[in-house]
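Visitor: Each chain, letter by letter, is given below.
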Amino acid sequence: MKNISWMKNQSLFIFLNVLVLLFTCISGNAQSDRVMFKQWGEFGDGPGQLKFPAMIAVDNSGHIYVVDQHNHRIQKFDSQGNFLLMWGKNGDEPGEFNYPYGIAVDSRGNVYVSDMNNHRIQKFSSGGEYLKSTGSYGTEDGQLKYPYGIALDEKDVLYAIDAFNYRIQKFDSELKFLSEWGSEEEIGFRLYIPHEIAIAADGNVILSDRQNHRISVFTSDGALVKRFGKYGEGKEAGGGQFSEPHGVCVSKNGDIFVCDRYNFCIQKFNSSGEYQSGWKTSGVFDDSKHFPLGIAAGPDGTVYVTDNYAHCIQVYKP
Amino acid sequence: MLSKKNLSLLTILILLLFFPHHLLQAQSKVKPRKCILVFGAHADDVDEIAGGTFAKYIDLGYEGIYVCYTNNTAGCNLERTPYYDKGPDFTVSGATGIFPVGALESIQIREEEARQAAAVYGSIPEFLYFRETWFWQGRKQCPIGTDEFHRFQPPGRQIVSVATRSSKDINVVYDLLVKYQPEIVITHALGGEKHDHGNGAYLMYQAFTKAMEQDIPVGKLWMDVHGWFLQKDAQETGRGIPDVHIEVKDYLPVKYEALNKHVSQNGGFGRDYVMGNKTQPKEVIEEFITVIDNTK
Numbered sequence: 002m003k004n005i006s007w008m009k010n011q012s013l014f015i016f017l018n019v020l021v022l023l024f025t026c027i028s029g030n031a032q033s034d035r036v037m038f039k040q041w042g043e044f045g046d047g048p049g050q051l052k053f054p055a056m057i058a059v060d061n062s063g064h065i066y067v068v069d070q071h072n073h074r075i076q077k078f079d080s081q082g083n084f085l086l087m088w089g090k091n092g093d094e095p096g097e098f099n100y101p102y103g104i105a106v107d108s109r110g111n112v113y114v115s116d117m118n119n120h121r122i123q124k125f126s127s128g129g130e131y132l133k134s135t136g137s138y139g140t141e142d143g144q145l146k147y148p149y150g151i152a153l154d155e156k157d158v159l160y161a162i163d164a165f166n167y168r169i170q171k172f173d174s175e176l177k178f179l180s181e182w183g184s185e186e187e188i189g190f191r192l193y194i195p196h197e198i199a200i201a202a203d204g205n206v207i208l209s210d211r212q213n214h215r216i217s218v219f220t221s222d223g224a225l226v227k228r229f230g231k232y233g234e235g236k237e238a239g240g241g242q243f244s245e246p247h248g249v250c251v252s253k254n255g256d257i258f259v260c261d262r263y264n265f266c267i268q269k270f271n272s273s274g275e276y277q278s279g280w281k282t283s284g285v286f287d288d289s290k291h292f293p294l295g296i297a298a299g300p301d302g303t304v305y306v307t308d309n310y311a312h313c314i315q316v317y318k319p
Numbered sequence: 005m006l007s008k009k010n011l012s013l014l015t016i017l018i019l020l021l022f023f024p025h026h027l028l029q030a031q032s033k034v035k036p037r038k039c040i041l042v043f044g045a046h047a048d049d050v051d052e053i054a055g056g057t058f059a060k061y062i063d064l065g066y067e068g069i070y071v072c073y074t075n076n077t078a079g080c081n082l083e084r085t086p087y088y089d090k091g092p093d094f095t096v097s098g099a100t101g102i103f104p105v106g107a108l109e110s111i112q113i114r115e116e117e118a119r120q121a122a123a124v125y126g127s128i129p130e131f132l133y134f135r136e137t138w139f140w141q142g143r144k145q146c147p148i149g150t151d152e153f154h155r156f157q158p159p160g161r162q163i164v165s166v167a168t169r170s171s172k173d174i175n176v177v178y179d180l181l182v183k184y185q186p187e188i189v190i191t192h193a194l195g196g197e198k199h200d201h202g203n204g205a206y207l208m209y210q211a212f213t214k215a216m217e218q219d220i221p222v223g224k225l226w227m228d229v230h231g232w233f234l235q236k237d238a239q240e241t242g243r244g245i246p247d248v249h250i251e252v253k254d255y256l257p258v259k260y261e262a263l264n265k266h267v268s269q270n271g272g273f274g275r276d277y278v279m280g281n282k283t284q285p286k287e288v289i290e291e292f293i294t295v296i297d298n299t300k
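Each protein sequence line maps, in turn, to chains A and B. Per this note's numbering, the very first residue in the first sequence carries number 2; after that it's consecutive. Per this note's numbering, the very first residue in the second sequence carries number 5; after that it's consecutive.
Be aware that a few hints might be false.
[As the list claims (entries may be wrong)] Calculated pairs, PhoX-like style, for lysine-lysine (alpha carbon to alpha carbon, straight line, at most 20 Å): (1) B:144 / A:52; (2) A:52 / A:90; (3) A:133 / A:146; (4) B:144 / A:290; (5) A:124 / A:146; (6) A:146 / A:177.
Just so you know, the hints here were simulated from the structure itself, not pulled from any lab data.
Using the sequences and the hints given, assemble the complete structure.
Guide: Quick look at the structure:
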């Protein structure tokens, strides 16, 4: 009996090893330290349904805010993915949106949204009440041409990618213009515009330089610190190689997470930009069904990813 | 009994009622404004079909209106830019594929380039956002009729061919004519070389004739020498023979400077791109066919 039990245990051991090996093969070079915890959302315009979700943010209480881009609204969920509330509709009045893009939450729980095709940034309370906005189409200080990603530092200074002015603009929490930096040559180049932005633990600004397939790090005043990553696509692509990196976020412990959208994976780097690990999101290379785009890290280290084509949110636990 | 005063008022009212208003209109027919409006399908079409003429008339004191009537979702391939494989280390890091940007970005990029091109002429840009029949979703092309197209619903109005059947959409172009009352309108050829070029020309034709019916002061409608005008019948009857010849030699630098602004389409190569594309530009003389002359 003992022998049979031992043999059973051995078989189980071998079976588990084969499973691990298979998983490693399937996930290519990405050494995963994450597993998908849950997923929610589907195509539609009802509460909890999404149409092409863009960026995502998490507040200090773990509430999740999603830019529901083609519904021109923001949706709020609890940390379990339960729908809480939503606001906004297509338009250019206060509280309305025209293809919103980026989102960030400040230390008080206020929500900032880059209202991309209205060339402005709007501020809301955590309950979705409109508070104020800034910006109009133009090149002057405080004006914007298609704001993409936005992020807040620990002092609630807002950084916005002013895409077609090829610059980063800084605003205080009352949306008053503070300063700007950047040029075509510095933050991308001509049409190669950075799309997403995150603030590192040391205050540096991290930009996903999507069409150049790399991440750029600047000081808060715009001095280039470093760039990392190079082009690599497909199952052969290794850690630190990107194919159009898009969403980027920083966790509480300083790790940097990047949505590598045409490798259909998330890559994790330490605060120095050294590759740590990664994992596939959809598990398949299919750019007609999956498209990891936005990413945010919760206070407990949970990572949330928007799948732009599958119209859903994916949750990954450490 | 009517008082003398009331009788006078009644007489005036009767006179006003039977007054031949058409005479009044004929006498007060307003001339078109000194304005040239070029109605192009895509962000670079104004420059390609009439860039030299546009520059010349603006130099002569005309107001220039630079119209792009589609939403430009159908193509913005950054690999065409000179930065793709010729630049220093800020360019794509060795990528070998073709990377079109998505529909929303394509609209933004080409609109920004069109604004820059319009500024070269010192003209006013106008965007009408009629939909194209396909768009890019990431690297995937999604034609109209597909589930992707239906779900994404690219921003914009009807596609141009459908718009030609709708008074609401024709009125979008008509309103433009009411706003600017141009002496000269230039657009693509009827039955033009591309689906949205030919249909856009018909859309303008309908709006222009409606403007005439409504006594809006519009002048001449010229079309590019393409499409049906090159067919045998049109050539034999003389209908396809250009009757407008504009000498633009001195304005070619302006035309090509404007073309250079469309980096996402021609890589910023302007004339070289047009020549390389086997579209032989009319270097010195730009020619058109008068389809309507409302000035006579």
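Visitor: Name the hints, by number, that the structure is in violation of.
Guide: Structure breaks no hint.
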